[in-house]
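Trainee: Chains as they are written, first to last, in the numbering used here: chain A, 1 to 112; chain B, 1 to 112.
Hint data in this document are derived by calculation from the structure and do not stem from the laboratory.
For every residue, glycine included, the Cβ atom is placed at its ideal position computed from N, Cα and C.
Do not take every clue at face value.
[Stated by the list, open to error] Negatives, chain B to chain A, calculated, CB over 12 angstroms: (1) I12; (2) H24; (3) R44; (4) A52; (5) D53; (6) S67; (7) L78; (8) V88; (9) S105; (10) V111.
[Claimed, not checked] Cβ pair distances, simulated, as ranges: (11) B:T110 to A:D52: 41 to 47 angstroms; (12) A:E41 to B:G63: 22 to 28 angstroms; (13) A:L51 to B:T20: 22 to 28 angstroms; (14) A:P112 to B:T82: 30 to 36 angstroms.
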Amino acid sequence: GQNIDQPTEMTATEGAIVQINCTYQTSGFNGLFWYQQHAGEAPTFLSYNVLDGLEEKGRFSSFLSRSKGYSYLLLKELQMKDSASYLCAVRDGTGGYNKLIFGAGTRLAVHP
Amino acid sequence: DAGITQSPRYKITETGRQVTLMCHQTWSHSYMFWYRQDLGHGLRLIYYSAAADITDKGEVPDGYVVSRSKTENFPLTLESATRSQTSVYFCASSETRVYGYTFGSGTRLTVV
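My request is simple: use the sequences and hints to build the entire structure.
Mentor: What follows is the structure in structure tokens.
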């Protein structure tokens with residue numbers, strides 16, 4: 001089966017750095033995604049890791065350790081608009097089909 | 001309009017009624033998915049499809065039916081709606097097995 005854990009809520013200050021952790025257990029791991037979701041909107045793609053290491057994309061970076069079943073999303077120079085939910089999702093290739101299994105999401109509140 | 005569209009945006013229905021949620025994508029993506037999103041559970045996979053006429057169950061398929069007669073459409077039907085099916089429903093598509101998903105704007109369904 002699959003299990004994906006991430007903190008429910010986090011708060012941070014504008015301009016600061018925040019790290020959102022995600023641990024997972026899955027039988028058919030085939031990549032890890034991070035999505036951002038503002039309240040009342042659809043999730044939007046942020047980052048993708050399939051190999052161990054750090055992927056950097058502007059203010060956002062994502063790290064993966066497959067041996068530890070662990071990923072984090074790092075947000076730098078936080079802005080008020082970064083207040084959103086951040087969803088960790090593992091791609092499960094079991095059965096030959098590409099399926100994303102999502103964690104419950106981390107709600108991040110950025111305050112002045 | 002190019003992209004992935006869901007209709008209706010909001011729907012209120014009565015217990016026991018049949019209701020169909022529509023999803024249409026213009027990219028000819030092979031893979032399409034239906035998720036429901038509830039507080040505390042995150043996004044849970046209901047059904048997915050790898051191509052026209054190929055569908056399979058996800059994590060929470062009970063009470064739902066899907067079809068995919070054309071690549072661009074993937075309707076989700078609640079055969080006899082129950083209050084527990086009150087949720088936000090997201091449709092998503094993916095070009096291949098190696099890419100992430102693009103989500104529609106969602107349908108907020110309330111069953112009374």
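Trainee: Now tell me if each hint is right for this structure.
Mentor: Hints versus structure:
no.	hint	in the structure
1	I12	holds (17 angstroms)
2	H24	holds (15 angstroms)
3	R44	violated (8 angstroms)
4	A52	holds (15 angstroms)
5	D53	holds (14 angstroms)
6	S67	holds (17 angstroms)
7	L78	holds (20 angstroms)
8	V88	violated (9 angstroms)
9	S105	violated (5 angstroms)
10	V111	holds (20 angstroms)
11	B:T110 to A:D52: 41 to 47 angstroms	holds (44 angstroms)
12	A:E41 to B:G63: 22 to 28 angstroms	holds (26 angstroms)
13	A:L51 to B:T20: 22 to 28 angstroms	violated (41 angstroms)
14	A:P112 to B:T82: 30 to 36 angstroms	violated (44 angstroms)
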